[in-house]
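Novice: If you read the sequences in order, they're chains W and A. Just so you know, the working numbering puts the end of the first sequence at 269, numbered straight through with nothing missing. Just so you know, the working numbering puts the end of the second sequence at 467, numbered straight through with nothing missing.
Be careful, since some hints might not be right.
Said to hold, decoys possible - Under the rule of at most 25 Å between Cα atoms (straight-line distance), these lysine to any residue pairs were calculated in the SDA-like manner: (1) Lys415(A) x Ser436(A); (2) Lys330(A) x Asp87(W); (3) Lys343(A) x Leu79(W); (4) Lys71(W) x Gln426(A); (5) Lys330(A) x Thr236(W).
As the list claims (entries may be wrong) - Which bits of chain A does chain W cover? Going by a derived footprint, with three or more residues having C-beta under 8 Å, they are: (6) 316-330; (7) 338-350.
For the record, the hints were derived by calculation from the structure and aren't laboratory data. Just so you know, even glycine gets a beta-carbon here, dropped at the ideal spot from N, CA and C.
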Amino acid sequence: MSEQHDESLGEIILHHVTNDLNYKFLDLHLFGYDISITKHVIMLWIAAAVTVGFAIWATRRYRENIDAQPKGLSHIFELLMNFIREDIVNPNIGVIHGKMWTPLITTYFIFILICNFLGMIPFFNLIPGGSSTVTGNFNTTAGLACITFFAIIIAGTMKHGFLGYWKNMIPGNVPAPVLLILIPIEILGMFVRPFALTMRLGANMTAGHIGMLAIFALPIILSSAAVGIVSILLNTGIYFLEMIVSFVQAYVFTLLSAVFIGMAIHTEH
Amino acid sequence: MILSRLIISAVSICGFLFATEGSGHGDPVHEGGWMEKWLSFDPGLFMWTIVTFFIVLAILKWKAWGPLIEALDKREEDIRNALSSAEKAREEADKVAGEYEEMIRKAQSEAQKIVAESKAAGERVRAEIKVTAEKEAGDILEKAKKQIQSEKANAIQEIRSTVVEFSLQAASKVIEKNLDSEDNRRLIKETIDGIGKA
Numbered sequence: 001m002s003e004q005h006d007e008s009l010g011e012i013i014l015h016h017v018t019n020d021l022n023y024k025f026l027d028l029h030l031f032g033y034d035i036s037i038t039k040h041v042i043m044l045w046i047a048a049a050v051t052v053g054f055a056i057w058a059t060r061r062y063r064e065n066i067d068a069q070p071k072g073l074s075h076i077f078e079l080l081m082n083f084i085r086e087d088i089v090n091p092n093i094g095v096i097h098g099k100m101w102t103p104l105i106t107t108y109f110i111f112i113l114i115c116n117f118l119g120m121i122p123f124f125n126l127i128p129g130g131s132s133t134v135t136g137n138f139n140t141t142a143g144l145a146c147i148t149f150f151a152i153i154i155a156g157t158m159k160h161g162f163l164g165y166w167k168n169m170i171p172g173n174v175p176a177p178v179l180l181i182l183i184p185i186e187i188l189g190m191f192v193r194p195f196a197l198t199m200r201l202g203a204n205m206t207a208g209h210i211g212m213l214a215i216f217a218l219p220i221i222l223s224s225a226a227v228g229i230v231s232i233l234l235n236t237g238i239y240f241l242e243m244i245v246s247f248v249q250a251y252v253f254t255l256l257s258a259v260f261i262g263m264a265i266h267t268e269h
Numbered sequence: 270m271i272l273s274r275l276i277i278s279a280v281s282i283c284g285f286l287f288a289t290e291g292s293g294h295g296d297p298v299h300e301g302g303w304m305e306k307w308l309s310f311d312p313g314l315f316m317w318t319i320v321t322f323f324i325v326l327a328i329l330k331w332k333a334w335g336p337l338i339e340a341l342d343k344r345e346e347d348i349r350n351a352l353s354s355a356e357k358a359r360e361e362a363d364k365v366a367g368e369y370e371e372m373i374r375k376a377q378s379e380a381q382k383i384v385a386e387s388k389a390a391g392e393r394v395r396a397e398i399k400v401t402a403e404k405e406a407g408d409i410l411e412k413a414k415k416q417i418q419s420e421k422a423n424a425i426q427e428i429r430s431t432v433v434e435f436s437l438q439a440a441s442k443v444i445e446k447n448l449d450s451e452d453n454r455r456l457i458k459e460t461i462d463g464i465g466k467a
């Protein structure tokens, strides 16, 4: 009996942190691949709409008048843009190459941040089909990391040329036997970086939700109202912690992407 | 834009490769433990993420980041210009203030010089006038003294001659004799002279 109880709770928790692939809003197929519109795709689009809406709204003054004074939301976006340029892009990519990559890096941050935060609003659980944290799904984070992967290659190729970029992977003045070990490591490193980005963001965004759901499951397992009050208080604290995690993970993904792109450009380091 | 297209095409190829690999594992969505379910590959979401992200990136770059970066850069430039022109204006003001100070100092010293010169000239004129006046006064006094002296001498002379005349007439009347001789005249004159000396 107890085991069945736990099993069903486990199922509920899992349901709340994963995307239900059987629940399709629109069944779509492309070249034999299932590209159906599931809840996470819907959440992705909501996040995209919110991101675009906020950014367009905040910068409307600058489109009309380049000398406009910041006001309200524009302040936050100016601050964000300044922070990303001064603290992420310029130190890692450099001022000259940074100009090209700033839009990508800024979009990473704001888009991931909004995805993270939308997943924390309980309202979106009213949409059927599983979890609402799209960045808690490894397919999403893999997609984002894939963009970083190709951005790294493109940044390196643009700076050093196609052959130059691949040659830079092999350090000079190294004896041949060492190269035998180094080249596979370098190639492995190329794939490990986006893989680490994928796992870090996905796992962090899922872990908090699992933790909160597990704490909420405690009073059900123990059938105790007192534990319920404790779990509510505890989860309130964790919720705030999750907000910090949302910020930190968006920042880390953004920062590491900038660092990797910078490494491809400034190979001497 | 070329870059974005490049990335999209590269990523979609990669996505399909991944998807082929994933489909080899059967259907992990419906079977298996929670870990497998959690890590199940979903080519749809993978592709949608990339597509959505690039659409968002394109719109934001075009509509939001472009104008925002431009505005920030322009403001930075404006502030830099304003600061340098303020610095220039300050230097200019300092220079002008220095010039004015110099001018005032020059004017003051000139004024002092003029005052001193005027004083000296006044002093000189005063001394000259004094000397002239004193000399003139002395002359006038001297002249007056001389005149008085000569007037006095004349008067005495006249009195003397008048007295001699009167004495002679009186004596002639008294003596009834013509005393118009040389001896008598001399005698009388001596007598009168004696009177004058006494």
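Novice: Hint by hint, note whether the structure agrees.
Specialist: Status of each hint after checking the structure:
About 31 Å separates the Cα atoms of lysine 415(A) and serine 436(A), which puts this hinted pair outside 25 Å; it is violated. For the given pair, lysine 330(A) sits about 20 Å from aspartate 87(W) by alpha-carbon distance, which is consistent with the 25 Å threshold. For the given pair, lysine 343(A) sits about 16 Å from leucine 79(W) by alpha-carbon distance, which is consistent with the 25 Å threshold. With a C-alpha separation of about 126 Å, the suggested pairing of lysine 71(W) with glutamine 426(A) is violated against the 25 Å cut-off.
For the hint linking lysine 330(A) to threonine 236(W), the alpha-carbon distance of about 37 Å lies beyond 25 Å, and the restraint is violated. Coverage of a stretch by a chain is defined here by at least three residues with a beta carbon nearer than 8 Å to that chain's beta carbons; for the region 316-330 of chain A and chain W the count is 13, and the condition holds. Note: the region 338-350 of chain A has 7 residues with beta-carbon separation from chain W under 8 Å; the three-residue rule is met and the coverage holds.
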